[in-house]
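*Asks:* Protein chains in written order, with the working numbering: chain A, 1 to 225; chain B, 1 to 225.
A hint or two may mislead.
Since the list can't tell identical chains apart, any single copy or any two copies may satisfy a pair.
To be verified - Think about it this way: if two alpha-carbon atoms lie no more than 25 Å apart in a straight line, the pair counts; the simulated BS3-like pairs of lysine-lysine are:
(1) K158 x K100
(2) K185 x K55
(3) K217 x K72
(4) K76 x K222
(5) K49 x K158
(6) K74 x K222
(7) K49 x K74
(8) K55 x K10
(9) K217 x K69
(10) K100 x K135
(11) K185 x K203
(12) K55 x K217
(13) K100 x K130
(14) K222 x K69
(15) K185 x K130
(16) K72 x K222
(17) K49 x K113
(18) K171 x K185
Simulated from the structure, these hints should not be mistaken for laboratory data.
Number of protein chains: 2
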Amino acid sequence: MSKYYPLINKNSEFDAVILCDGDYPSAEIPLNILRNANFICCCDGAGNKYIRRGKMPNAIVGDGDSMSKNFKRKYKDIIHIETEQDTNDQTKATRFCINKGFKNIAYLGATGKREDHTLGNIGHLTNYRKEFNIKSVMLTDYGYFVSAQGNCRFASFKGQQVSFFNIDCSKFESKGTKWKTHAYKYWWQGTLNEALDDEFEIKSDGSFLVFRTYLSKNMENKIFK
Amino acid sequence: MSKYYPLINKNSEFDAVILCDGDYPSAEIPLNILRNANFICCCDGAGNKYIRRGKMPNAIVGDGDSMSKNFKRKYKDIIHIETEQDTNDQTKATRFCINKGFKNIAYLGATGKREDHTLGNIGHLTNYRKEFNIKSVMLTDYGYFVSAQGNCRFASFKGQQVSFFNIDCSKFESKGTKWKTHAYKYWWQGTLNEALDDEFEIKSDGSFLVFRTYLSKNMENKIFK
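The shape of chain A in the complex, shown without the other chains (with noise of 0.2 Å):
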C-alpha cells in the first residue's frame, strides 16, 4: 500500500517539536502546535530567543555558538552541547529527539532568515528519512514541507497549492493535480502546482519533497496581498 500523507492543521500532534533559529513562527497554525507540543527542543541560538519570550523548553541543543558562558550555566540541566562541524544544529537536535524514542517531529523556525540555511534545512528532511525513518513536517507561515519517496497519497483540498521537488526521481507522475508531473531537473518546474480534491497521488521512483500550503489559492491572495 502506498503511504498517506495528511493535512496537517492546528491541532497535529506530534512527538516532539524542533524548534530552529530561523524566523520565529507568526502564522497560527505553527504557533499552535508550538504551544501544544509534547516536548520542544530548541536549536541552538533558538533556546535563548524562546526563553526570552517567557517559555521554557524541555531541552537546547547545538554548537553552543549562539549561548553566553552566562546562558549556558544558568541553563546547563537543559543544555546539550554537540560540537562536531560536519552537520548542522538541526541535525543535532533531531539525533537528540530520536535518541529520546520521539519519530514524529514537527520542525518550527526553520526557514528565513539565510536563505541558504533555509535550503539547508528543508533539504534534511530527505535525510532525516533515509538515514533515521522517522515522520517528520516542516511547518513554515504559509504551509508544509515533507519528504516522500516512491508511491504516495497525499490528503489535499480542492485549491491547495503544491509544489514538488525533486531530488532523484527518473520517474515522477500525479494523479489529481491541476498540472502534469514529470521528473524534474530544475528546483522551479513543479512549483506552483494544485490540488484539484481531497487528495492527489504520486507514483514515483525516488526520493522528493512536496510542500503544501495551509490555504487556497484564493484565500492567500484575500490574506497575503
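Once you have looked at the hints, place chain B on chain A.
*Replies:* Using the frame of chain A, we list chain B on its own:
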C-alpha cells in the same frame, strides 16, 4: 579563461533591478541598489507595494493577478500584463527587461513569504543564464546568489560564508574554501562553507548556484544573534 564573479556591494551597478513580491528588502546593500537603480521593473503585486512606499517603478510586469481594476487603470502606462501560465512573474519581468536590452540584472525581494516561491525564484537563475545568457544576481538581506557553470573564480573575503548548490555537475572541486567540495547529491551538503581569502575557485562540469554572504561569520553573529 574562467569566468570571474566580483563581490557585490552597495554601489554595484546593474542595467535593471527586478523587484519581486517576496519580502521587501530591509538590509542596506539591496536597499541602496534599489535606490540607485537605472531601471526598476516590479513583478505584479510588488508594483503596488512599491508605489505605496511613495516610489514609481519604470514598469510593472506580471499576470495581473495581484492588481485591482483601479490600479490597472491608473498605472496603465507602465503596466504590462502577460497572462500565459507556463512561467512565473519573475520570469515574465526578466523577458521584459531582456527585450529592453538589459543584460545585467539584480533581483531583489525574490525570497521570503512562501518558501516554494523562494525555491522556484532562486532555481530560475540557472535558466536565465542558460536560456538568455544574462548576468544576474539575486540579492537578499543576508547575501547573494549567482548561477555559474564550468570553471569559475569568485571574489571573496576571509571568513565570508559560502554555500554551493549543485544543479547538474558530476565534478565539483574548489580551491580557497575551508571545506573540500564534491558533486553534491543533496541541497544541504554544499551549505555552510567559508572563503579563506580574497578569491576562491570552482572547477566543475555543469551548472551550480553560489550564495555568498555580505558579512563574515563573526560579524553575522554580532549583528543577527
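*Asks:* So, for every hint listed, does it hold in this structure?
*Replies:* We went through each hint and held it up to the structure:
1. In this assembly of identical chains, the alpha carbons of K158 and K100 never lie at most 25 Å apart, being 38 Å within a copy and 40 Å across copies at closest.
2. Taking CA atoms no more than 25 Å apart as the test, K185 paired with K55 passes in neither setting, with 43 Å inside one copy and 38 Å between copies.
3. Proximity of K217 and K72 under a CA criterion of 25 Å is satisfied inter-copy only: 21 Å between copies versus 45 Å inside one chain copy.
4. Taking the shortest Cα distances, K76 and K222 sit within 25 Å of each other only across copies (23 Å), while inside one copy they are farther apart (46 Å).
5. With identical chains, the CA atoms of K49 and K158 are never at most 25 Å apart, being 37 Å at best within one copy and 29 Å at best between copies.
6. In the homo-oligomer, the alpha carbons of K74 and K222 lie at most 25 Å apart only across protomers (21 Å), although the nearest pairing inside one protomer, at 46 Å, exceeds that limit.
7. Proximity of K49 and K74 under a CA criterion of 25 Å is satisfied intra-copy only: 15 Å inside one chain copy versus 45 Å between copies.
8. Taking the shortest Cα distances, K55 and K10 sit within 25 Å of each other inside one copy (19 Å), while across copies they are farther apart (39 Å).
9. In the homo-oligomer, the alpha carbons of K217 and K69 lie at most 25 Å apart only across protomers (19 Å), although the nearest pairing inside one protomer, at 47 Å, exceeds that limit.
10. With identical chains, the CA atoms of K100 and K135 are at most 25 Å apart within one copy only, with a shortest distance of 15 Å there and 49 Å across copies.
11. Taking the shortest Cα distances, K185 and K203 sit within 25 Å of each other both inside one copy (17 Å) and across copies (22 Å).
12. Taking identical chains as interchangeable, the C-alpha atoms of K55 and K217 are never at most 25 Å apart, the minima being 34 Å within one chain and 28 Å between chains.
13. Taking identical chains as interchangeable, the C-alpha atoms of K100 and K130 lie at most 25 Å apart only when both belong to the same chain, with a minimum of 19 Å there against 48 Å between chains.
14. For the identical chains of this complex, K222 and K69 are inter-copy neighbours only, at 15 Å across copies versus 47 Å inside a copy, given an alpha-carbon limit of 25 Å.
15. In this assembly of identical chains, K185 and K130 lie within 25 Å of each other by CA distance both inside one copy and across copies; the values are 21 Å within and 14 Å between.
16. Taking the shortest alpha-carbon separations for K72 and K222, only the inter-copy value of 18 Å comes in at or below 25 Å, while the best intra-copy value is 45 Å.
17. Taking the closest pair of Cα atoms, K49 and K113 come within 25 Å of each other both inside a single copy (14 Å) and across two copies (21 Å).
18. For a Cα distance limit of 25 Å, the shortest separation of K171 from K185 qualifies both inside one copy, at 11 Å, and across copies, at 17 Å.
The structure fails hints 1, 2, 5, 12 (numbered hints given earlier, in ascending order).
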